[in-house]
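Please take these sequences and the hints and turn them into a complete structure.
Residue numbers (the numbering used here), protein chains in the order written: chain A, 1 to 241; chain B, 1 to 253.
These aren't lab readings, by the way, just hints derived from the structure by calculation.
Backbone N, C-alpha and C fix where the C-beta goes; we use that ideal spot for every residue, glycine too.
Don't take each hint at face value.
With the Cβ distance kept under 7 angstroms, some of the chain A side facing chain B (calculated, not the full set) [to be verified]:
#1 L50
#2 F84
#3 A122
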Amino acid sequence: MIEFQDLYKAFDGNPVLQGLSLKVRDGETVIIIGYSGSGKSVALKHIVGLLHPDAGDVIVDGHAVSTLDRDGLTALRQGIGYVFQFAALFDSMTVSENLALGLRRRGLGDDEIEERIREALALVDLSGTGDRMPAELSGGMRKRVGIARAIALRPRYILYDEPTTGLDPVTSAVIDRLMVRTREHLGVSGVVVTHDMRSAYTVGDRIAMLYEGRIRQVGSVAEIQETEDPVVRQFIEGRPE
Amino acid sequence: MIDAIGRRSISAIEALGRFGHFLMDMVRGLRDVGIWARLVVGQMRRIGVDSLPVALFIAAFTGVVLALQASYTFTGAVPLYFVGTLVGKTMMLELGPVLTGLALAGRVGASMAAELGTMKVTEQVDALETLAYDPQSYLVVPRVLAATIMFPVIVAFAIAVGIVTGWLTSLGLLDLSTPDFIKGLKLFYVFKDVWFGLLKSASFGLTIALVGCIVGLGTRGGAEGVGRSTTRTVVFSAILILVLDAFWAVVLL
Chain A
1 MIEFQDLYKA FDGNPVLQGL SLKVRDGETV IIIGYSGSGK SVALKHIVGL
51 LHPDAGDVIV DGHAVSTLDR DGLTALRQGI GYVFQFAALF DSMTVSENLA
101 LGLRRRGLGD DEIEERIREA LALVDLSGTG DRMPAELSGG MRKRVGIARA
151 IALRPRYILY DEPTTGLDPV TSAVIDRLMV RTREHLGVSG VVVTHDMRSA
201 YTVGDRIAML YEGRIRQVGS VAEIQETEDP VVRQFIEGRP E
Chain B
1 MIDAIGRRSI SAIEALGRFG HFLMDMVRGL RDVGIWARLV VGQMRRIGVD
51 SLPVALFIAA FTGVVLALQA SYTFTGAVPL YFVGTLVGKT MMLELGPVLT
101 GLALAGRVGA SMAAELGTMK VTEQVDALET LAYDPQSYLV VPRVLAATIM
151 FPVIVAFAIA VGIVTGWLTS LGLLDLSTPD FIKGLKLFYV FKDVWFGLLK
201 SASFGLTIAL VGCIVGLGTR GGAEGVGRST TRTVVFSAIL ILVLDAFWAV
251 VLL
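Right, here's the structure in full:
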């Protein structure tokens with residue numbers, strides 16, 4: 001289980017998270033929605049210790065992330081896959097090498113690494129692209145490679161940072177289907193940060209809206225769709241006022 | 001005024017603190033031998049072999065100029081075989097290490113800052129961390145070790161080439177015989193001349209790589225930030241090379 005406990009974070013004196021609390025139960029996918037710059041990605045980065053909180057903490061499987069030492073963080077990260085907004089593929093490596101890097105860190109042998117790469121690329125419908133460089137791929141393909149890199153690790157949790165931002169509607173739907181398929185095939189818990197409501201309704205078990213640094217409302221897809229909270233309503237309907 | 005001085009002092013102390021923290025993290029990164037060991041050789045090739053042409057080019061012309069300037073200065077007053085002494089001593093003690101260091105601050109330091117800076121702003125460094133790699137072990141340690149090991153090797157070649165071109169210039173343009181050039185070269189030679197130059201160049205390699213890594217990994221703000229980091233690395237490295245050069249001269253000569 002992942003639990004945000006009263007998390008505070010500010011940058012150069014500007015508060016971003018102001019008491020964020022949220023639980024992600026095992027096996028479920030929670031979508032965090034919110035305006036651009038509301039701190040969604042910042043919250044996600046606290047889960048893997050990429051950022052250190054000013055106050056509060058994130059508890060992952062009973063471990064307070066901010067208190068973990070170097071070895072503890074390494075162990076935590078080995079159980080989590082992270083899909084970055086712009087894929088963050090290593091541009092000096094081929095697709096296969098991108099996938100192999102995390103697997104090698106987990107001490108797997110060459111045969112198993114090759115098998116996992118083949119499986120992961122097949123799951124994202126990119127079989128046969130292993131020898132290509134990231135620069136030769138389209139934006140959608142790069143995102144799918146990013147997902148494959150996370151899936152190949154067979155993590156307990158996958159964190160998605162804006163997985164459909166900047167993609168056309170069809171490619172977005174492909175990514176959504178991929179996230180659902182990943183959950184069904186691998187049974188992993190997921191946290192998805194997005195402001196794409198179609199994606200949120202398709203992929204999420206529960207949706208939480210981050211507003212002014214804390215969770216404004218959290219509920220099932222149906223509950224959010226039916227909400228009477230004016231702020232949440234305005235956001236999900238995309239009304240300017 | 002006092003406010004500005006205070007702000008600058010605080011900022012300098014913070015920078016010093018970040019540098020100390022970075023060094024501690026790097027020392028911790030040395031523990032992951034399995035990660036950095038297989039990357040060091042690749043970095044040694046990139047830093048060493050790929051930098052050799054530019055270093056040798058500079059050394060070759062430095063040797064020519066040194067021989068001609070020595071002859072011009074000595075005319076009528078000092079025996080011409082002292083050209084060998086001046087070329088040898090100057091290449092080993094000063095111009096070999098310093099000119100190579102300054103040239104490689106541009107080539108190696110700028111390249112490290114640009115590469116790591118781009119990785120930083122495109123979240124590749126974060127991606128590395130989420131894959132359970134310590135960026136210090138994976139990115140910094142191999143570069144710093146490779147630069148520290150390879151700079152003396154490059155400088156040794158540069159010194160040799162500078163002396164050879166100085167000798168060829170003496171033969172062709174100064175009517176100095178080979179035995180006379182060698183006589184001058186051996187005059188006042190002590191082994192310290194060699195290790196002093198090589199020790200200095202190892203310290204330059206260490207400094208350039210550290211500056212490139214620290215500035216590169218501290219990059220913010222997209223392509224403009226990468227450009228800023230690259231320039232900053234070259235300027236800081238050049239200043240530090242000159243300061244270190246004076247430091248070693250005071251301490252060891």
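Structure versus earlier hints - violations, ascending order: 3
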